[in-house]
Amino acid sequence: MTEQAKIIELEDAVIRFSGDSGDGMQLVGNIFSNLSAVFGNEISTFPDYPAEIRAPQGSLSGVSGFQVRLGSRAIFTSGDKADVLIAMNPAALKVNAGFLKKNSIVIINSDSFQEADLKKAEFATANPFEELGLNSLFVQVVSAPIDTLVKESLADSGLDNKARLRSKNMFALGLTCWLLNRPLEYAFEMLKNKFKKKEQILHANIKVLTDGYNYGHNVHASVSTFRVEAASLEKGLYTDVQGNRATALGLIAAAEKAGLELFLGSYPITPATEILQELSARKELGVKAVQAEDEIAGICSAIGASFAGNLAATSTSGPGLALKSEAIGLAVMAELPLVVIDVQRGGPSTGLPTKTEQSDLLQALYGRNGESPAVVMAATSPSNCFDAAYMASKIALEHLTPVILLTDGFLANGSSAWKLPDLEAYPEINPPYVSPEMKGRWKSYLRDEETSVRYWAIPGTEGFAHRLGGLEKDFTTSAISTDPANHQRMVEARQSKIDKIAVPYLKLTGHIYAELLVTGWGGTYGHLYSAVHQLVSEGKEISLAHFSYINPLPSNTFSVFSHFKKIVVCELNNGQFATYLRSKAPEFNIVQYNKIQGQPFTVNELVEHFTKLLEEK
Amino acid sequence: MNTEQYTPQDFKSDQYVRWCPGCGDYAVLNSLHKAMSMLGIKPHETAVISGIGCSSRLPYYMNTYGFHTIHGRAAAIATGVKLGNPCLSVWQITGDGDCLAIGGNHFIHTIRRNIDINIILLNNKIYGLTKGQYSPTSDKGFVSKSSPYGTVEEPFRPGELTVGARGNFFARTIDVDLKMSAELFAEAGRHKGASVVEVLQNCVIYNDSIHKPIIEKDVRAERTIFLEHGKPMIFGKNSDKGLALDGFNLKTVRLGENGITEKDILVHDAQTQDNTLHYKLATMGGELPVALGVIRKFDAPTYDEEFVRQINEVQAENPVRTLRELLLKGETWEIK
Numbered sequence: 001m002t003e004q005a006k007i008i009e010l011e012d013a014v015i016r017f018s019g020d021s022g023d024g025m026q027l028v029g030n031i032f033s034n035l036s037a038v039f040g041n042e043i044s045t046f047p048d049y050p051a052e053i054r055a056p057q058g059s060l061s062g063v064s065g066f067q068v069r070l071g072s073r074a075i076f077t078s079g080d081k082a083d084v085l086i087a088m089n090p091a092a093l094k095v096n097a098g099f100l101k102k103n104s105i106v107i108i109n110s111d112s113f114q115e116a117d118l119k120k121a122e123f124a125t126a127n128p129f130e131e132l133g134l135n136s137l138f139v140q141v142v143s144a145p146i147d148t149l150v151k152e153s154l155a156d157s158g159l160d161n162k163a164r165l166r167s168k169n170m171f172a173l174g175l176t177c178w179l180l181n182r183p184l185e186y187a188f189e190m191l192k193n194k195f196k197k198k199e200q201i202l203h204a205n206i207k208v209l210t211d212g213y214n215y216g217h218n219v220h221a222s223v224s225t226f227r228v229e230a231a232s233l234e235k236g237l238y239t240d241v242q243g244n245r246a247t248a249l250g251l252i253a254a255a256e257k258a259g260l261e262l263f264l265g266s267y268p269i270t271p272a273t274e275i276l277q278e279l280s281a282r283k284e285l286g287v288k289a290v291q292a293e294d295e296i297a298g299i300c301s302a303i304g305a306s307f308a309g310n311l312a313a314t315s316t317s318g319p320g321l322a323l324k325s326e327a328i329g330l331a332v333m334a335e336l337p338l339v340v341i342d343v344q345r346g347g348p349s350t351g352l353p354t355k356t357e358q359s360d361l362l363q364a365l366y367g368r369n370g371e372s373p374a375v376v377m378a379a380t381s382p383s384n385c386f387d388a389a390y391m392a393s394k395i396a397l398e399h400l401t402p403v404i405l406l407t408d409g410f411l412a413n414g415s416s417a418w419k420l421p422d423l424e425a426y427p428e429i430n431p432p433y434v435s436p437e438m439k440g441r442w443k444s445y446l447r448d449e450e451t452s453v454r455y456w457a458i459p460g461t462e463g464f465a466h467r468l469g470g471l472e473k474d475f476t477t478s479a480i481s482t483d484p485a486n487h488q489r490m491v492e493a494r495q496s497k498i499d500k501i502a503v504p505y506l507k508l509t510g511h512i513y514a515e516l517l518v519t520g521w522g523g524t525y526g527h528l529y530s531a532v533h534q535l536v537s538e539g540k541e542i543s544l545a546h547f548s549y550i551n552p553l554p555s556n557t558f559s560v561f562s563h564f565k566k567i568v569v570c571e572l573n574n575g576q577f578a579t580y581l582r583s584k585a586p587e588f589n590i591v592q593y594n595k596i597q598g599q600p601f602t603v604n605e606l607v608e609h610f611t612k613l614l615e616e617k
Numbered sequence: 001m002n003t004e005q006y007t008p009q010d011f012k013s014d015q016y017v018r019w020c021p022g023c024g025d026y027a028v029l030n031s032l033h034k035a036m037s038m039l040g041i042k043p044h045e046t047a048v049i050s051g052i053g054c055s056s057r058l059p060y061y062m063n064t065y066g067f068h069t070i071h072g073r074a075a076a077i078a079t080g081v082k083l084g085n086p087c088l089s090v091w092q093i094t095g096d097g098d099c100l101a102i103g104g105n106h107f108i109h110t111i112r113r114n115i116d117i118n119i120i121l122l123n124n125k126i127y128g129l130t131k132g133q134y135s136p137t138s139d140k141g142f143v144s145k146s147s148p149y150g151t152v153e154e155p156f157r158p159g160e161l162t163v164g165a166r167g168n169f170f171a172r173t174i175d176v177d178l179k180m181s182a183e184l185f186a187e188a189g190r191h192k193g194a195s196v197v198e199v200l201q202n203c204v205i206y207n208d209s210i211h212k213p214i215i216e217k218d219v220r221a222e223r224t225i226f227l228e229h230g231k232p233m234i235f236g237k238n239s240d241k242g243l244a245l246d247g248f249n250l251k252t253v254r255l256g257e258n259g260i261t262e263k264d265i266l267v268h269d270a271q272t273q274d275n276t277l278h279y280k281l282a283t284m285g286g287e288l289p290v291a292l293g294v295i296r297k298f299d300a301p302t303y304d305e306e307f308v309r310q311i312n313e314v315q316a317e318n319p320v321r322t323l324r325e326l327l328l329k330g331e332t333w334e335i336k
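Chains as they are written, first to last, in our numbering: chain G, 1 to 617; chain E, 1 to 336.
Everything labelled a hint here was simulated from the structure, so no lab data went into it.
The reader is advised that the hints may include incorrect statements.
[Unchecked claim] Result set (DMTMM-like, lysine to aspartate or glutamate): computed pairs, CA atoms no more than 25 Å apart in a straight line:
no.	chain 1	residue 1	chain 2	residue 2
1	E	Lys12	G	Glu437
2	G	Lys565	G	Asp483
3	E	Lys329	G	Glu261
Next up, chain E with everything else stripped away, as it sits in the complex (with noise of 0.2 Å):
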C-alpha cells in the first residue's frame, strides 16, 4: 500500500457535473472517487479512458489523467495507455451502446487479451445522448423512438459476453447502492486483469425504472443475489432461499421446506477456472434472483505482464540495444 492516503475528494475535478438532474451516473461518480481512495493509487498515476455517450464524461469530473475519446474506441485506447505505461492504473468508463453495439468488437478482444484495465459499463439499456433510441441490452419488444413497434431482436447481456469472451472477472452492481459500487470498483481495480463490472444504471429522462422490477427497496430481498466469494448463494429478506443444483440447471430452494438445509445451499466459488457455473449466475433472471456482486475473478497472466515479460525474455538474450547494433548484426558490405 501507499503511505501516502487520497480521500475521495483528492479524485474529484474542479468541473461542474453536468448530467440530468436525478441520473444515475451522479451515483457512479461518487462511488468511483471513493473506491480509487480506497484502492490507495495516485491520482497522477491514474488515467480514466472513455468513449462516447452520457457516462462517457465521467472523466471530466475526475481529477486524474483523462481522455474522451471517440464511440466505441475507448478499449482500444485503454489497451493502448496500459501498455504505452502499465504503471499506470487504467478505467475504462462506457455505456451499453458505446461498449456493446460500436465497440462490441474491442470489448471482446480486450477481455480475451486479459489486459489489466477496469472496465466500468453502465447498464441502462438505452441511448440518452442521442435521446431515446434502443440498445443492444434493451429488452425484445422494448418500445423506443428508433423500435415504435417494439424491438425483433435479442439483447446481449453483458454478463454473458464477458464470460464467452473468456473473461476473467465480472461484477454486477446497482448505482444506487454507493456501497457495493464501490467496494466492487475496488475489487476490479485490485484485480489484475481485464475486469468488467455492470451497473444497473437508471435513465431518468428516457428509460427511469428500467432496473426497477428489480431493485425496488421492497422486492430487492427477494429478486437479487449478493454473492460473496465461499460463502452459500443465500438470499431473500429473511435470508430463507438459496441457489441449488437441478441437474445441470440452477433453481431456488427455501430453507427448512422438503427438508432443504443449508448444506443443500451452492457455496460461491469465484476463483475457479471453470466458468460453466459463473454464465449461470452471470444470465440469472425470471424465475431466478439478478446476481450482484462479484461473479467470477479467476487470476490469470495478464497480457501488458507477458508483453513486458518477451520483451525481457528477449532482451536477456539478444545483447542488441540501438538501431546501429541492429544493423551492423546484419548483412552489410563495405566501400572503401
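Just chain G, with the same shape it has in the complex (with noise of 0.2 Å):
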C-alpha cells in the first residue's frame, strides 16, 4: 500500500476545527478528541466561539472554533500553532492563518469557497491563500468540495438538501480521521448515542463520516498523513472532562466526603453557565441547584443554606461577583462556609465573555466594603478543577469561611482526560460542629484558641439557639457591640483566623538556585510549565513557581523567592498578582509580562521573553 509510506510520526499534534458558529464544530471537535482519548493519547482542548450566538453566516465574527491536541508524551497545553486546520469557509481561514505550523494542513470546504464567500470573508482576490501569505511551501491543501459530495452521500437518505447538509461537519470529521489515522468505531459509538432517538439523523451522519474518511484515503493519497502514538499514562480509568464540569463534580465529592448536602445559587452568566447546568441536572446525587433571580440572590441563598447546613456554592464570572460582593462581607462576618466560584472572563464591565482573562484577582481579594478577608485560591487545569473545589469546600467548611475559587474560561471550556479519582485518598473534611458537653456555655463567636476558628451550629439543633448577624458581635459575650477595642479585637480574629489556614507548600519546577524564577498563578499553568520546561531542558537557569493558593500565600513562598536574582510574575492581566506580591514582599525584585488579549498564553511567546530576560542578566 503506497499510503503507508507517507505516514508521520509526531509526538504531538495540534488540530483546529474551525466554520461557522452553526457549522457543528463543538460537536466534532468534541468527537475526535474523545475517540483520541481512548485510543490513548493525552488530549487537551481550547473550544473558541463566538458571543454572538449566530452572527452572519460566513462573517468573521461568526467564526467558531475547537482546538484539540494529541499527544504521545504528557501536555500541559492545548498547543499555540496548529498542524492542520480545518477551514469550512474563507472566514474560518483568514482568523486562523496566523496560529498555522508552517508545512501543515489545512483541509477546506471548496463548495463555500465562492466569490460571494470570499466577499463575506473581507477578501478582495480570487485567491485567499495567497492573499494571506500562505503557499505551497507553507501549508498543503487538501481542498474537498463537501457540500457536494455531501448531498450525493446522502442522496438516498429521504433527508432534504438542508438536512443533508447539516451532516456537512461529519465529513470534515471523517476527513481528519483520516488525516491522523483514527479508527472511525469508537465515532460511530459515540453518534449512536448522541442520537439514539434519531434513528435518520444517526445513519447520515455515520454514512457521511464514513465517506469523509473514504474520499481522504482515496483521492488524496499523495498527502502525508499523521500518527500520534498512545500515551503511556497511569493506568485505571479515564474519562473526558472539561472545566466547569470538573468544577461541579469538586463540589459533589466534597459534600459526599463531608456527609453534607450540597446547594448551589446561581444565575446564569457567560462562562459559568455549565457549573450551574451540571448539578441542576444531579438530581439523583440530592444536590439543590436554585437558579435565583439575580447574582445576589444567587449567593444570598446559598448563604442560607449554609446557615442551615449545607455545604453551600455560588458560581459566576466577573460581573456577578461585583455583585455578590456585599453579600461575602456578610459571610466573612457570619463566619460561615461558603464557596464562590468566579470563573474569569475579559473586563471590565461586560467585556469579553467569551474569552479568557484572570483580571478578577483583586476584587476577589479586596472587593468588598471593611476588614473583609476571605480564602482565595485558583484552579490551574481543567482537571485540576475538582481538586480545587474539593479544597474549596473543605477550607470553607473546615474554617467557616468564604473562599473565592478562582477558575477561567480557558479552563472552564478546555477539556483533559482524567483519571477517574478515588475519593478514598482525598483528604477528610471536618467542620468544627459544637459537642453536646458544650451546650449552656456556648456562643456564638466563641473561638477555637488554636485556630481562630467559630463553633458551627445548626439549626435544629436543641440548645443551641443562636443569632448571627452583620453588626459587630463581643467577643466574648457575642452579643452586638459597638466597643471600640472590641471591635479591633473582632477584625484581628477574623484576619488571624484566614492567616492560620495551613495551605500546601509551593512547589518549584526546575532549579532551586537559579538566575529567573517564573511565577504565575492559576489557568495559565499548562503554559508556563511547558516554557520552563523547555528551557530548562535546554539547560537555561530558569524555575517556575506556580500559585494555586493566594490567599493565604504558602508560607515558604518568600524563601523559595530570595533563591532567585529575578523574579517574573506572567498573567492574563495588567499585574494584579505582581502589585500583590508586591505589597507582601517589596524587597524581591519583580517583573511582569502580562497578556490582555482574552486569549491564553502561547508557549513561544513565553520562551521568547523568558530568553530575552536570561539574556538581560
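Two chains, two frames, a set of hints: combine them into the complex.
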C-alpha cells in the first residue's frame, strides 16, 4: 500500500476545527478529542467560540473554533499553532491563518470558497491563500467539495438538501480521522449515543463520516498523514472532563466526603453557566441547585443554606462577583462556610464574555467594604478544577469562611483526560461542629484558640439557638457590640483565622537556585510549565513556582523567592498578582509579563520572553 | 400538634430590646412570640431572618435560630434556609424600605415561587434607621427629609404587589392590635407557601400617627373592615355597613337603606384561586374601608415541596448515589 510510506510520526499534533458558529465544529471537535483519548493519547482541548449565538453566516465575527491537541507524552496546553486546520469557509481560514505551523495541512470545503463567500470574509481577490501569504511551501491544502459530496452521499437518505448539509461537519471529521490515522469505530459509538432517538440522522451522520474518511483515503493518497502514538498514562479508568464540569464534580465530592447536602445558588452567566447546569441535573445525588432571580439572590440563598447546615456554593463570572461583594462580606462577618466560584472572563463591565482573562484577582482579594479577608485560590487546569473545588469546600467548611475559587474561561471550556478520582485518597473534611458538652456555655462567636475558628451550630439542634448577623459582635458574649477595642479585636481575629490556614507548600519546577524564577497563578500553569520545561531542558537557569493558593500564600513563598535574582510574574491581566506580591514582599526584584487579549499565553511567546530576560542578566 | 408546649416566654431571648420608646415594633415582637407559641413550633426548629432596618433587629430578640443579614436580601437568604432544611419554620422580618425598595426583586420572586416562608412586613411608610426619608410606600406628596417639597412618585401598595406577583396569602393587621396580629401571624405560619402579613405600624419618631386616620379608636370601626373567610363583609360601629358589588367595583352599602339586607352583602371567600376580588379588597382605602384580616389564602403547591418531590422522583428512577457511580455511568476508557 502506497500511503503507508507517507505516515509521519509526531509526538504531538494540534488540530483546529473551524467554521461558522452553526457548522457543528464544537461537536466534531469533541468527538475527535474523545476518540483520541480512547485511543490512548493525552488530550487537551480549547474551544474558541464567538460571543454572538448566530453571527451573520460566513462573517469573520461568526467563526467558531475548537482546538484539540493530542500527545504521545504528557502535554500541558492545547498548543499554540495548528498542524491541521479544518476551515469550513474563507472566514475560518482568515481568522486562523496566523495560527498555522509551517508544513501544516489545511482542509477546506471548496464549495464554500466561492466569490460570495470570499466577499463575506472580506477577501479582495479570488485567491485567499495567496492573499494571506500561505503559499504551497508553507501549507498543504486538501480541498474537498464537501457540500456536493455530502448531498451525493445522502442522495438516498430521504432527507432534504438542507437536512443533508447539516452532516457536513461529519465529512470534515471523517477526513480528519483519515489524516490522523484514527479508526472510526469509537466515533460511531458516540454518534449512536447522541442520536439514540433519531435513527435517520444517526445513519446519515455515520454514512457521511465514513464517506469523508474514504474520500481522503482514495482521493488524497498523495498527502502525508500523521500518527500520534498512545501515551504511557498511569493505569486506570479515564474520562474526558471540561473545567466547569470538574468544578461541579469537585463540590459533589466534597459534600459526599463531608456527609453534607450540597446547595448551589446561581444565576446564568458566561462562562460559568455549565456549573449551574451540571448541578441542576444531579438530582439523583440529591444536589439542590437553584437558579435564582439574580446574582445577589444566588449567593444569598447559598448563605441561607449554609446557615441551615449545607455545603453551599455560588458560581459566577466577574460582573456577578461584583454584585455578590456585599454578601461575601456578610459570610465573612457571620463566619459561615461558602464557596464562591468565579470563572473569570475578559472585563471590565461586560468586556469579552466568551474570552479568558485573570483580571478578577484584586476584586476577589479586596473587593469588599471593611476589613474583610476571604480565602482566595485558583485552579490550574481543567481537571484540576475538581481538586480545587474540593479543597475550596474543605477550607470553607473547616474554617467557616467564604473561599473564592478563581477559574477562567480557558479552563472552564477546555478539557483534558482525567483519571477517575478515588475519594478514599482525598483528605477528610471535618467541620468544627458544636459538641453536646458545649451546651449552656457556648456562644456563637466562641473561638477555637488555636485556629481562631468559631464553632458551627446548625438550626434544628436543641440547646444551640443563636443569632448571627452583619453587626459587630462582642468577642466574649457574642452580643451586638460597638465597643471600639472589641471591634479591633474582632477584625484581628477574623484576619488571623485566615492567616492560620495551612495551605500546601509552593513547589518548584527546575532549579532551586537560578537566575530567573517564573511565577504565575491559576489557569496559565500549562503554558508556563511547558515554556520553563523547554528552557530547563536546554540547560537554562530558570525555574517555575506556580500558585494555586493566593490568600493565604504558601508559607515558604518568600524563602523560595530569595534564591532567585529576578522574578517574573506572568499573568493574563495588567499585573494584579505582581502588585499583590510586591505589597507582601517589597524587597524582591519583581518584573511583569502581561497579556490582556482575551487569549491564553502561547508557549512560544513565553520562551522568547524568558530567553530575553535571561540574556539581560 | 407537638406534645411539648412552648409559651411566648420560650421564644424571648435574653437581649435588651433597643427600639425607641413607643415604637410599634415592640407590639409586633410580642405578637410574634404569642403566635409561635400558638403554632406549637419549637424554638430550635424555627429560623427568623431579617434584612436591615429598625424592624430587622427583631431576630436578636427571639430565642430561636436567627440571622440579621444585609439590606433587602432577607427573602433570598430565607429561601436558602428553607431549602437547606425544609423542616424549619422560616420567618422573614422586614420593613417597607428593606422589602419593597432594595429588596423588591427578591420579594416578588419569593412570592412567585411560593416557597414556605412567613413574611412579616412592618409598614410605617418611612425610613426610620436612616432618620426620616420617604419610603416606597409613602403617599404621593409626602414631605420628608429627602422630599422637602413632597414626593412626586406613586407608592407601592404591598397587597397589590403581593397579588400581582401571584401571591397566595396576604393578610393585614395593626401593630397595636396584639390579638389580631398574633392570630394572623399564626394563620400565616399555618399556611403552606409564601405568606405576607402587612402590619400597619407606627414610627413614633419620624412618622408618628401615619395610620391614625384609619386606626384611631373612634374611627377604626368605620374606616376598616375585618375580613373572615365565609362571613359577610360587614363593618361599622353598629355593624350596619357592608361591601357589595357595583358593576365590577366595590361599594359601601348601608343595611336597611334602599332595601339592602344581609343577603346583598358580599361573603368573603379568601380561599378561591381567582384573585380578582382579593386584589380589590387588598387595595381598598379612601371611600372604602381598609381591609384587615386574611384577604387571600389559597392553597397551592409550594416550591420547597416541589423541589424535594423532583429530587425524590429522579432518585426513584435513578439508583446512582455517589460520585463514583456517576462517573462510571458516563463515558470512560481504561489504560491498562
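### Message
Run the distance test for Lys565 (chain G) versus Asp483 (chain G): straight-line Cα separation, threshold 25 Å.
### Response
violated (48 Å)
### Query
Straight-line Cα separation of Lys329 (chain E) and Glu261 (chain G) no greater than 25 Å?
Roughly 22 Å between the alpha carbons, so the hint for Lys329 (chain E) and Glu261 (chain G) holds.
### Query
Is it true that the CA of Lys12 (chain E) sits at most 25 Å from the CA of Glu437 (chain G)?
The hint holds at about 24 Å.
Hint 2 alone, counting from the list given before, is not met by this structure.
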